[in-house]
Amino acid sequence: MFATILKSRRHVWREWLISYLFLLPALSFFLLFVAYPMLKGVYISFFDYSLNNFDFIGLDNYKHLFQDKTFIQSMKNTILIVFIAVPLVIAFSIFVAMTIYKKNEFTRSFFRGVFYLPAVTSVVSITVVWASIYEPNFGILNYITSLFGAEPIAWLGNPHTALFAIIAVLITTSVGQPIILYVASVGNIPTSYIEAAQIDRATSGQIFRKIIWPMLMPTNLYIIVITTINTFQTFAIVQLLTAGGPLYKTSTVMYGVYEKAFMLGNFGLASAMGIILAVVIGIISFIQFRYLGSDVEY
Amino acid sequence: MKLNDQINVNNNLAQVQSSRKPKWLREMTGSAILSNILLFVFAILFIFPFYWIVSGAFKVQNVAVAIPPQWIPHEPTWDNFTTLFKNPVWKWTFNSFFIAFGEMIGVCLVASMAGYVLAKKSFPGRKIIFTMFVAAMALPKQVILVPLFTMIADFGWIDTYKALILPAIGWPFGIFLIKQFAQTLPSELIEAAKIDGCSELRLFYSIVLPLLKPAIGALAIFTFINAWNDYFSQLIMTRSTPMMTLPLGVATLKGEYTTPYGVLMAGAAFASIPMIAIFLLFQKSFTQGITMGAVKG
Numbered sequence: 001m002f003a004t005i006l007k008s009r010r011h012v013w014r015e016w017l018i019s020y021l022f023l024l025p026a027l028s029f030f031l032l033f034v035a036y037p038m039l040k041g042v043y044i045s046f047f048d049y050s051l052n053n054f055d056f057i058g059l060d061n062y063k064h065l066f067q068d069k070t071f072i073q074s075m076k077n078t079i080l081i082v083f084i085a086v087p088l089v090i091a092f093s094i095f096v097a098m099t100i101y102k103k104n105e106f107t108r109s110f111f112r113g114v115f116y117l118p119a120v121t122s123v124v125s126i127t128v129v130w131a132s133i134y135e136p137n138f139g140i141l142n143y144i145t146s147l148f149g150a151e152p153i154a155w156l157g158n159p160h161t162a163l164f165a166i167i168a169v170l171i172t173t174s175v176g177q178p179i180i181l182y183v184a185s186v187g188n189i190p191t192s193y194i195e196a197a198q199i200d201r202a203t204s205g206q207i208f209r210k211i212i213w214p215m216l217m218p219t220n221l222y223i224i225v226i227t228t229i230n231t232f233q234t235f236a237i238v239q240l241l242t243a244g245g246p247l248y249k250t251s252t253v254m255y256g257v258y259e260k261a262f263m264l265g266n267f268g269l270a271s272a273m274g275i276i277l278a279v280v281i282g283i284i285s286f287i288q289f290r291y292l293g294s295d296v297e298y
Numbered sequence: 001m002k003l004n005d006q007i008n009v010n011n012n013l014a015q016v017q018s019s020r021k022p023k024w025l026r027e028m029t030g031s032a033i034l035s036n037i038l039l040f041v042f043a044i045l046f047i048f049p050f051y052w053i054v055s056g057a058f059k060v061q062n063v064a065v066a067i068p069p070q071w072i073p074h075e076p077t078w079d080n081f082t083t084l085f086k087n088p089v090w091k092w093t094f095n096s097f098f099i100a101f102g103e104m105i106g107v108c109l110v111a112s113m114a115g116y117v118l119a120k121k122s123f124p125g126r127k128i129i130f131t132m133f134v135a136a137m138a139l140p141k142q143v144i145l146v147p148l149f150t151m152i153a154d155f156g157w158i159d160t161y162k163a164l165i166l167p168a169i170g171w172p173f174g175i176f177l178i179k180q181f182a183q184t185l186p187s188e189l190i191e192a193a194k195i196d197g198c199s200e201l202r203l204f205y206s207i208v209l210p211l212l213k214p215a216i217g218a219l220a221i222f223t224f225i226n227a228w229n230d231y232f233s234q235l236i237m238t239r240s241t242p243m244m245t246l247p248l249g250v251a252t253l254k255g256e257y258t259t260p261y262g263v264l265m266a267g268a269a270f271a272s273i274p275m276i277a278i279f280l281l282f283q284k285s286f287t288q289g290i291t292m293g294a295v296k297g
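Residue numbers (our numbering), protein chains in the order written: chain U, 1 to 298; chain X, 1 to 297.
One should not assume that every hint holds.
[Said to hold, decoys possible] Taking lysine-lysine and the DSS-like style, the derived pairs with C-alpha atoms no more than 30 Å apart in a straight line are:
#, chain 1, residue 1, chain 2, residue 2
1, U, 249, X, 213
2, X, 127, U, 40
3, U, 103, X, 284
4, U, 103, X, 213
[Unchecked claim] Partial chain U-side listing against chain X, Cβ under 7 Å, derived:
#, residue
5, 30
6, 37
7, 120
8, 129
9, 160
10, 264
[Claimed, not checked] According to the in silico footprint, chain X covers these stretches of chain U (three or more CB under 8 Å from chain X):
#, segment
11, 15-26
12, 58-68
13, 91-100
14, 106-117
15, 172-184
16, 253-262
No wet-lab data here; the hints were simulated from the structure.
For each residue, glycine too, the CB sits at the ideal point set by N, CA and C.
Make the full structure from the sequences, and use the hints.
The structure is reproduced here in structure tokens:
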């Protein structure tokens, strides 16, 4: 009796040890390359940290940023991008999912693939072609608008259009994943629910509002949170298409981080920007969870 | 009476006429037709940039900037590709593949080990560790790039493959995905093998890994594509031209004074081919990877 307890004790210990051995690689990589940089980011945001300096300056980086016009402009642009792009991405993805989910497997894969293409293709390829489409002198967009008698516009050079030109490209690269998720989750709704409603002569609008939409809520929450987090970090499209210009009109916070850290060599200030962005994202995600996710658990 | 007959005839006629239409058309209401037309318009708008890359790749500079544009190049030329390959394009391609494969293998191995024990074994700290991984996933990935860069620079790793491969393995999305999938596996099979005296490593290698195959496949393809397209990390961790990845290399082809559109388009086309091919070949796994990572649990 005693011996078996002792044996099973040892057995339990062995299980624990084995579990931790299996976790060891994941934990080491995580702690070294994710957790530690995160803490280090907070730490160096209190320093005047560049190639030659490493001096503690307390909250000066943060104070500086709240007076920095380019940072405030970048934050405004970023928030504007999120507020325009995220609802459009969600609406567009739901529209596509609702239109294709009943189609046969081949057609469904085809359209899913088409709308995913810009997301799998390197952002460099995407921006190369959009730069030529938006080009003011011979770009195809101005050629098409000129057929309707419009004056040519420097889409990426004009402070009034540049941000929207960026947002349009951003949307095409952001809808792929939401469409895949919405198609999967609309497909999971039991058809009997929808058929029952049809027998009761519910309109397709009613069916969408009363049956499909509520059943999409968990997917919605996930997609809205993920899309918001990604959109807040918009960087590559801006860096490749406009480099933040004209007059910081398209600069995003992430582009500002890049500029401060890797062009001006001010790592402390760049880290502080990153932290402010992380806090803003955290607050918005929290609000989204509270607002949309009362009955959803992850 | 006469009126009724008339209505009946009309009804019959309408039925006959409508039955001539194919079934899918008959089932469509007005709004369904409209949304299908919109769907096609959007699909064309999404495909057009890719068509424009390909057609642009075969245009010489003065054709590329011609007004009105040539929708189909009248005299297609390979010149742009000849110019493109004067750059170390094959080295860039190798770099991209090497980094993406490295990340893929590292992530799959580390994530399957961790995901398996988090799903199937009970030990103290399990919940805390899993919560920590999930919490980290919600954090904006790019925000840690600056401190990560300073750390990699301290290691002296800038401009090496490991600067891109190793940090990506720390990102816990894969662990989450494998754990979610492993939870659905029958524990009996694993227990039975253990009773047969199978060692833990053998058990993992010959029982668990094969069972995890669908999830690992999805994770592999997902990681590969993300690694290939992680432009920001590649931009800051790479310095020299021979160490550049394919997208990064193509981005440097922009001329200083004039933009060589044809060459850029050839580069953009060449850089997109591997990803589009991989996506089309593995669309199913890839779609699974995305939906698996989003399921609640």
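Now the hints, each set against the structure:
Proximity of residue 249 of chain U to residue 213 of chain X is assessed by CA-CA distance (about 47 Å); at most 30 Å being required, the pair is judged violated. A hinted pair counts as satisfied when its Cα atoms are at most 30 Å apart, and residue 127 of chain X with residue 40 of chain U qualifies at roughly 25 Å. A distance of roughly 17 Å separates the Cα atoms of residue 103 of chain U and residue 284 of chain X; the hinted pair therefore holds under the 30 Å criterion. For the hint linking residue 103 of chain U to residue 213 of chain X, the alpha-carbon distance of about 29 Å falls within 30 Å, and the restraint holds.
A hinted interface residue such as residue 30 of chain U counts as satisfied when its beta carbon comes closer than 7 Å to some beta carbon of chain X; here the least separation is about 5 Å, so the hint holds. At its closest, the beta carbon of residue 37 of chain U sits 4 Å from a beta carbon of chain X; the interface hint therefore holds under the 7 Å criterion. Hint status for residue 120 of chain U: holds, given a least beta-carbon distance of 4 Å to chain X, under 7 Å. Taking 7 Å as the C-beta cut-off, the interface hint given for residue 129 of chain U holds, the closest approach to chain X being about 5 Å.
Taken as an interface hint, residue 160 of chain U does not check out: its beta carbon lies about 23 Å from the nearest beta carbon of chain X, beyond 7 Å. Hint on residue 264 of chain U is violated. Least Cβ distance to chain X is approximately 12 Å, over the 7 Å limit. By the rule of at least three residues with a Cβ nearer than 8 Å to a Cβ of chain X, the coverage given for the segment 15-26 of chain U holds, with 9 such residues. A count of 0 residues in the segment 58-68 of chain U with a Cβ less than 8 Å from any Cβ of chain X is obtained; the coverage claim is therefore unmet, three being the minimum.
For the segment 91-100 of chain U, the stated coverage by chain X is satisfied: 6 residues place a CB nearer than 8 Å to a CB of that chain, which reaches the threshold of 3. Coverage of the segment 106-117 of chain U by chain X holds [criterion: at least 3 residues with CB-CB distance below 8 Å; count 8]. Judged by the Cβ-Cβ criterion of 8 Å, the segment 172-184 of chain U is covered by chain X as claimed, because 5 of its residues qualify and three suffice. Restraint check on the segment 253-262 of chain U versus chain X: 5 residues with Cβ-Cβ distances below 8 Å, three needed, restraint holds.
Hint compliance for this structure: hints 1, 9, 10, 12 are broken, all remaining hints hold.
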